[in-house]
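Protein sequence lines, in the order shown, are assigned to chains F and C. Residue 471 is where the first sequence ends in the UniProt record's numbering, and the numbering goes up by one at each step. Residue 121 is where the second sequence ends in the UniProt record's numbering, and the numbering goes up by one at each step.
It is worth saying that the hints were derived from the structure and are not from the lab. It is possible that some hints are incorrect.
Computed far set for chain C versus chain F, every beta-carbon distance over 10 Å [unchecked claim]:
1) 4
2) 72
3) 74
4) 95
5) 102
6) 115
Only pairs whose alpha carbons sit at most 20 Å apart, straight line, appear in this in silico DMTMM-like list of lysine to aspartate or glutamate [what the hints assert, rightly or not]:
7) C:27 to F:279
8) C:26 to F:283
9) F:312 to C:21
10) F:284 to C:112
11) F:460 to F:422
12) F:449 to F:413
13) F:312 to C:112
Taking beta-carbon pairs under 8 Å as the criterion, some of the chain C residues facing chain F (in silico) [claimed, not checked]:
14) 16
15) 84
16) 85
17) 106
Predicted model, so just to flag it, every value in this text is computed and none were measured. The beta carbon of each residue, even a glycine, is placed where N, CA and C say it ideally should be.
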Amino acid sequence: MSNSDFETRNGAPPSSREINALIRISQSIISTLDYQEILQIISDGMADLLGIESAAIYILQNKTDLYLGATTPALDKNMPDFLRWVKLPEHPHIEKTIKSKKHHVIADTSKTQLSEAERAVTDIRNLKSLLYFPFVQKGDVLGVLILGTCNRTQRFSEHQINLGQTVANQLAVSIHNALLVDDLKKHTDHLEELVQEKTQDLDTAIEELMAANEDLFEKNEIINNQNEELKTTLQNLKNAQSQLIQSEKMASLGTLTAGVAHEINNPLNFLMGASLGLENYLEKEEHKNDEDLKLLVESIQTGVERISDIVKGLNQFSRYNPDFDEECDITSILENCIVMMNNRIKDKILVEKEYSPGLKVMGNVGKIHQVFMNILLNSVQAIDDKGKIIIRTFPHGEKFAIIEIEDTGLGIDKNIIHKITDPFFTTKAPGEGTGLGLSISYNIIKEHKGRLKFKSKPGKGTKTQIFLPIT
Amino acid sequence: MTNKIKVLYVDDEHLNVLLFEMNFSKKFDVLTGKNGLEGLNLLNKNPDIKVVISDMRMPKMNGLEFINKARENFSDKKYFILTGFDITPEIREALENRIILKYFMKPFNMREIEGAIYEVV
Ligand SMILES: Nc1ncnc2c1ncn2[C@@H]1O[C@H](COP(=O)(O)OP(=O)(O)O)[C@@H](O)[C@H]1O
Ligand SMILES: [Mg+2]
Numbered sequence: 001m002s003n004s005d006f007e008t009r010n011g012a013p014p015s016s017r018e019i020n021a022l023i024r025i026s027q028s029i030i031s032t033l034d035y036q037e038i039l040q041i042i043s044d045g046m047a048d049l050l051g052i053e054s055a056a057i058y059i060l061q062n063k064t065d066l067y068l069g070a071t072t073p074a075l076d077k078n079m080p081d082f083l084r085w086v087k088l089p090e091h092p093h094i095e096k097t098i099k100s101k102k103h104h105v106i107a108d109t110s111k112t113q114l115s116e117a118e119r120a121v122t123d124i125r126n127l128k129s130l131l132y133f134p135f136v137q138k139g140d141v142l143g144v145l146i147l148g149t150c151n152r153t154q155r156f157s158e159h160q161i162n163l164g165q166t167v168a169n170q171l172a173v174s175i176h177n178a179l180l181v182d183d184l185k186k187h188t189d190h191l192e193e194l195v196q197e198k199t200q201d202l203d204t205a206i207e208e209l210m211a212a213n214e215d216l217f218e219k220n221e222i223i224n225n226q227n228e229e230l231k232t233t234l235q236n237l238k239n240a241q242s243q244l245i246q247s248e249k250m251a252s253l254g255t256l257t258a259g260v261a262h263e264i265n266n267p268l269n270f271l272m273g274a275s276l277g278l279e280n281y282l283e284k285e286e287h288k289n290d291e292d293l294k295l296l297v298e299s300i301q302t303g304v305e306r307i308s309d310i311v312k313g314l315n316q317f318s319r320y321n322p323d324f325d326e327e328c329d330i331t332s333i334l335e336n337c338i339v340m341m342n343n344r345i346k347d348k349i350l351v352e353k354e355y356s357p358g359l360k361v362m363g364n365v366g367k368i369h370q371v372f373m374n375i376l377l378n379s380v381q382a383i384d385d386k387g388k389i390i391i392r393t394f395p396h397g398e399k400f401a402i403i404e405i406e407d408t409g410l411g412i413d414k415n416i417i418h419k420i421t422d423p424f425f426t427t428k429a430p431g432e433g434t435g436l437g438l439s440i441s442y443n444i445i446k447e448h449k450g451r452l453k454f455k456s457k458p459g460k461g462t463k464t465q466i467f468l469p470i471t
Numbered sequence: 001m002t003n004k005i006k007v008l009y010v011d012d013e014h015l016n017v018l019l020f021e022m023n024f025s026k027k028f029d030v031l032t033g034k035n036g037l038e039g040l041n042l043l044n045k046n047p048d049i050k051v052v053i054s055d056m057r058m059p060k061m062n063g064l065e066f067i068n069k070a071r072e073n074f075s076d077k078k079y080f081i082l083t084g085f086d087i088t089p090e091i092r093e094a095l096e097n098r099i100i101l102k103y104f105m106k107p108f109n110m111r112e113i114e115g116a117i118y119e120v121v
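Excised from the complex, chain C in its bound form (with noise of 0.2 Å):
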């Protein structure tokens, strides 16, 4: 399409989805899935996927398992979570093995993940 980098976003909550996709399209061209499996489609279809921004919480399967499953054939991709809870074990592991490079509270800070796009890619 563009030369805009190409971001998947995935989230349960319907709302979070379609704001994100207003906020961020403009510079980004967004993505957007509402659970694990849609991400995964989506990354198989779309291999121009750069990065990726997850929820945590969602049902089936979470935010880092859903991360983890892509990393199996998606390894040179970024891949951030954006979350509603602080920072847990689980997450600062994944920060450390560098399964994830970063991690966003919300509500979003659209400046903060703006940088962090452009800062890894």
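The following block holds chain F by itself, in its conformation from the complex (with noise of 0.2 Å):
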């Protein structure tokens, strides 16, 4: 704000008091930016400035509402806002004062027709002399600034209204832009408040999906739990499952090699004593001598036994015993084993027989036949044209017995090695395997507490080791 803004238009220079007096209002004006503040400087300037003593500023809002801004002296700060607002139409002579634009003097209240409500301001500090001034801004009217003497009429000189009417257009800029900062602040208030409004519907929105989460959590922790429920039970229902075929088949395979063993038996019992019959006959005189005949007889009898034999080996491991307690002859379990896979063996396969005489541990015979003839049965069935097979016993320290059986077959590969034990799996056409060979075999071991291991090389051929517990 130049000097020069202020000269008055009349040509009367402004006093140095009254330069004095502008100057406070400007820096006063620069240190804030508060809409209230300035308000109440500019009140208290122009008092000053023009040697008034009472001063208001209305503001004007929507074109009918006064707000009142600021009072010289200043109204008390506990104020209730509402008082602060009046309705134009009440106060004509701001309205007046508002529609021309111009300044407005009342030179005598008690001489000059007011409203009630202005008789009502006026009457507090007993007014007597006003003076309107406009605060217009680019052609619009902000507000109104009036100046009163209290007490005492006065007569206002055309220097103080030039001087204030000029000031007040200044002084209209500073307003309106102090407006525009309170709208501003509003408006960010405004957004801060509706950021915060955001901000706490994403918290309660977030809470909740958090929520959700926990329970969805919750929900699949619960599936997860389930889901491993169902594969324990899958898994138990597939080794009862593969227990109760085979517990079903070793029945039926008992009644059947029962069944066959005594029609066996029976023709047997035939051969048998007709061979002794023919042995008595020869001993009479005129025979006596006749080796070859007695060969024949010999040769009739040891067929017999050696069938007999036969049978009685498949008798004894196919009938059903609960018990763990038998002496398991190991050697004699794998030749039996062998006898009654010798037409799968016969032609193709040599066996190569490492026996540790005697070797014997405590178990179910039959399960522990069970046992070996599973295990042959994969060595012979991985053994496509001609092959080995070498079975080996011998003690393992003095607790275990192992028993080794070693094929030059296909063998087996490291994708699906740790698989075969599973109920049903297999790698053969069906009628060729069940799958369950291996996981009877590894149950049976298991009620005996042995261990069942396995080493192949594809391609080149597989060994499987069987620990047993001697006692």
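Since each chain sits alone in its own frame, please combine them into the complex, following the hints.
In structure tokens form, the structure reads like this:
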């Protein structure tokens, strides 16, 4: 603000008191952005500048409302906001100032017509002469400054009026800016409020989401657990099924072999009886030295005995016995297995035996027989054309007997070797394999508190090791 | 007749009966029947029978059923089973209750049977 701005049109230069007052106003205004504070500075400043003890600033809002922004002397800070609002039509002198956009003078309130509201205001401080200035900014009236004398009338000089209007016009810019800032602040506040509101909403949403997530997590966990349970149940079911199939198979095998054994044993009985009869007959004088005939009869008896042993073996190994306290002679069990599998071994497979004589374990003869059968059968099936099976038995320390069955078959792939004891796992065609052999063997060995181990080289062969506790 | 031990052998297989008779009649006085009923009849008619050997599986009345019936009137005789089967729970029970003294497996072993008879009589 330069001095020249305040040069009044009628040529009278401002006094140094007035310049000092103007400087105070401009410096104060620069130091603040607060709308209320600025209005207060203007009110006090204008009263000071024009030497009039009382002042008030009304800001026009929504065209018909007036807001009492500041007064000199200042209003009580605790004055409720709603008391500051008045209606424009209730203040005709202010209305006139705004409409005309020009200053307005009431020389003596007691001789002028005032509205009820106007009268109430002037009565408070016994205001006598009033001077109205509009704050005009780019053609719009922002509000009105009213200056008034208390207890006495005053004739306002032309200088006072011109100076007041000029400064009021200048200050209108400040008021406008302050209003904008205030507006901005309100907007910012509103925005902040909005942001806060949204943040709160978001927080709530996040909370809800988290709760939902937790719920989901829980559900997921439940599902996982159930899944796990299902898996175990399935595995148990498979095991149960395999055991059922096996026990049924064994039961029917038992009945079958028992029946067959009986059928075979009767004709064997004929043969035996007949050969014994023949033997008796040959003891008569005239045949005493016929060695050929004796040999023939002996051959019949050897044959009968051998068949009888096989049948007995069949019976022995398929009969049901739940006990695990039988003495199991490893060699004789293995020998019986080989006899029973002889038709599959005969021409294509060379069987090498390295038995530890008299090696025995405690357990269930039938079940151990079954394990050896399953594992031998796998070796036989693994050999396509011609090959070799080596059977070794030996003690392992004092506690275990090891039965090793090694073949030169096709071997087991690394990818599946961990699965071969699973029930129903098979790489064989239907009719060739059920996938039950090793799972049953594994269970039987477990029942005997033993161990089952596989070592295999695909294309080379497989070594199966059975560890059984001796006692 | 003589002082040979009188043995009753019951089996539904004709050849078994025949061969039993042939092989054992040198040492024992052998009577034979084709089924349980015949066996019971022979027991009634021949109170001097000391030993009864029966096949296990026979139509109508199996070996143990026949022996149980026989024991109602002839509890003092020695009973044996000769069977094509391996031992069964039924036979085991009969052994435990001393209803039969021994069981023999087919094809029979002459010496085993002879030994058992001499042992109990
Ligand atoms: N000695 C072996 N050589 C090659 N593969 C074998 C041998 N033993 C077991 N296997 C593999 O393990 C699988 C499972 O064996 P098993 O449980 O006995 O069932 P199955 O013989 O009915 O298939 C076989 O299908 C085969 O792939
Ligand atoms: Mg198998």
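For each hint, the structure was consulted:
1. 4: holds (16 Å)
2. 72: holds (28 Å)
3. 74: For residue 74 of chain C, whose nearest Cβ neighbour in chain F is about 26 Å away, the distance exceeds 10 Å, so it holds.
4. 95: holds (16 Å)
5. 102: holds (17 Å)
6. 115: Fine: 15 Å to the nearest Cβ keeps residue 115 of chain C off the interface.
7. C:27 to F:279: holds (15 Å)
8. C:26 to F:283: Measuring from Cα to Cα gives roughly 13 Å; hence the hint holds.
9. F:312 to C:21: violated (25 Å)
10. F:284 to C:112: Violated, at roughly 24 Å.
11. F:460 to F:422: Given that 20 Å is the threshold and the Cα spacing comes to 23 Å, the pair is violated.
12. F:449 to F:413: violated (27 Å)
13. F:312 to C:112: holds (17 Å)
14. 16: Since the shortest Cβ distance to chain F is 6 Å, the answer is holds.
15. 84: Hint on residue 84 of chain C: holds, closest Cβ of chain F at ~3 Å, below 8 Å.
16. 85: Status holds, d = 5 Å.
17. 106: holds (4 Å)
The structure does not agree with the numbered hints 9, 10, 11 and 12 stated previously, though it agrees with the rest.
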